[in-house]
Amino acid sequence: MAAPMSWRRLVYSVYTPAFAGVFTRISDRFFRARDRRKGSSVLLLAPLLAEAEPAPHCVPRSAGLKETDGLLTQFQWMAEHAPGFRVPGAHIHILSSPSQFYQAIKSRIKTAKQRVVMASLYLGTGQLEQELVDCVEEALARSQQPGDGPALQVSILLDYMRGSRGRQNSRTMLLPLLQRYASQMRVSLYHTPDLRGLLRLLMPQRFNETIGVQHIKVYLFDDSVIISGANLSDSYFTNRQDRYVLLENCKEVADFFASLVGAVGDVSLQLHPDDSVSMLEGRVHPYNGNRKEFSASAREHIMGVVNTARLRQHLSRHWQDEEEEEQAERKKEQQQEDEEEGEEDDRDTWVFPLVQMKPLGINMDEQVTQRLLTKGGADATVFLTSGYFNLTRAYMRLVLGAAADYRILTASPEVNGFYGAKGVAGAIPAAYVHIARQFYGNVRRLGQQERVHLYEYHRPQWTFHAKGLWFYLGGQDRPCLTLIGSPNFGYRSVHRDLEAQIAIVTENRELRAQLQEEHERLYQRSSEVSLATFERPDCFVKLWVKLVTPVLKNFF
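Each residue of the sequence shown is one higher than the last, beginning at 1 in this note's numbering.
Quick caveat, the hints were computed from the structure, so don't treat them as lab data. Just so it is clear, CB atoms sit at the ideal spot from N, CA and C, and this is done for glycine as well. It cannot be assumed that every hint is accurate.
To be verified - Each pair of labels, with its calculated beta carbon distance range:
hint : residue 1 : residue 2 : range
1    : Arg509    : Arg393    : 32 to 40 Å
2    : Gln449    : Gly475    : 18 to 26 Å
3    : Glu252    : Lys110    : 18 to 26 Å
4    : Gly147    : Arg509    : 36 to 44 Å
5    : Gly423    : Gly289    : 28 to 36 Å
6    : Gln205    : Arg444    : 37 to 45 Å
7    : Gly289    : Phe555    : 22 to 30 Å
8    : Gly147    : Thr238    : 33 to 41 Å
9    : Gln168    : Glu510    : 38 to 46 Å
10   : Lys546    : Asp346    : 49 to 57 Å
11   : Ala403    : Gln127    : 48 to 56 Å
12   : Pro150    : Asn249    : 15 to 23 Å
Can you build the whole structure from these sequences, using the hints too?
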């Protein structure tokens, strides 16, 4: 047993994303052959409502599942697309409000000892955002005190265009930290490779982000991480409703997202204390360099993180199988086996990180979402929400052709983030109304009114930005799966922006209750859409908006 453990430490110490491509090919061949002989230890969960054909093999006990793990074994197929991390459901907490989200970030920055990693579209410039920056500065200063251990490292990833907008912007907010703590502070600004040349010169500053942005929302503190769709801006801390999940002391998940944000940061422009920017040495420039070379290089680097995680899980489970075989041969004491199983009883939840970066050729989230939208049986119910109802054509077709019941929640015009905006942007809520009306018309035309329902979120003086879904299996009164993160299920999320979310699959009663409460809390502030909805004055759509929506819908 000692030998496999020593090899594990050796491989973990030298293995880096740079080796991912080579090792993944080797390991894939090895494990495919091995899985055919003794059953896969990689695919941990069984197909979601799979076709009624017998499984070719049982999931080995070393994979962490027992034959009685009914709900978890419904989702094996996700491991075909993404790494999976097994965690205790008791370590996952659903946050309910913007203020709770804001306080969670502040309190964890203050107590962070090793690392703070934050990825967002932008950092606002108001008083609440300044207090957040002050928390980071206090944490950095404290870490320099004698006897406090290794210095705290802070890494922040934002979008270049959005973070540079205006005279006072995200960059100016962070420059003082860079100037005082250059050795501990990193600010990376991702620039889409699709905004270049004449388009970059002519595109107005307010609209250049429609071409593509860094949209990932990850807030990480030591070994805890918050996954959300919320940005670091005052409205997201006060009266803009989003979703937020805190994974407390989940080191493997935190390590993965720290590496993911770091990899995106590596292919981004680096902010310097004098407010200049440059690429890391050897990296292709996103808009001055070759478009294909940048995307290929970035894809290889980012997928190295994903492949590293998957390979480590391959190797870990392989060694775990071998160790258990040796233990079974040398020690057949039932008490030891019971103790080993008991140690894992609380790890009743799986977390699958899903990454979508179509400009770089990465589409993990799209693959999982498409499969999930179609795999629910007639007795399943899917609650899906997006602050911007602009599903891709593919997602719309899948929803309309699925067997499961759908309850879709979106923003009413008055809680849309663009409501009341000046100029062309002020027409965006009407464009979403037009898209919703077309979808509702298709539902009625296909006779799907009993299966697909559309709802509008209402809340005075608030805006709505929540996205994700909750999956209820037939006969279950609580969801066993949720998607939560930055994607909006629209064209931009799939094709233009950098996105990340997680699929949480759980049997934990308390966590499932939290998910149920979260979905019910959002839907309680909604009303169901009917034909009368589109007759309201606030749902009137001008002719020119109807004409331009088919063209512009891919940009918002």
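Distance restraint hint 38 to 46 Å, applied to the beta-carbon atoms of Gln168 and Glu510:
Check passed, 44 Å falls within 38 to 46 Å.
Verdict for Pro150, Asn249 (Cβ pair) under range 15 to 23 Å:
holds, 19 Å
Per the hint of 28 to 36 Å, is the separation of the Cβ atoms of Gly423 and Gly289 within bounds?
Holds, at about 33 Å.
Determine whether the Cβ-Cβ distance between Gly147 and Arg509 falls within the hinted range of 36 to 44 Å.
holds, 43 Å
Is 48 to 56 Å respected by the C-beta to C-beta distance linking Ala403 and Gln127?
holds, 50 Å
If you check the beta carbons of Arg509 and Arg393, does the distance land in 32 to 40 Å?
For Arg509 and Arg393 the Cβ distance comes to about 38 Å; the hint holds.
Range first: 18 to 26 Å. Now tell me if the beta carbons of Gln449 and Gly475 are that far apart.
holds, 24 Å
So the hint says 37 to 45 Å: do the beta-carbon atoms of Gln205 and Arg444 match that?
Holds, at about 42 Å.
So does Gly147 sit 33 to 41 Å from Thr238, Cβ to Cβ?
holds, 38 Å
Can you let me know if the beta-carbon spacing of Gly289 and Phe555 is within 22 to 30 Å?
Since the Cβ atoms of Gly289 and Phe555 sit about 24 Å apart, the hinted range of 22 to 30 Å holds.
Can you let me know if the beta-carbon spacing of Lys546 and Asp346 is within 49 to 57 Å?
Distance hint for Lys546, Asp346 holds at roughly 54 Å.
Does the Cβ pair Glu252, Lys110 satisfy 18 to 26 Å?
holds, 24 Å
Hint violations for this structure: none, all hints satisfied.
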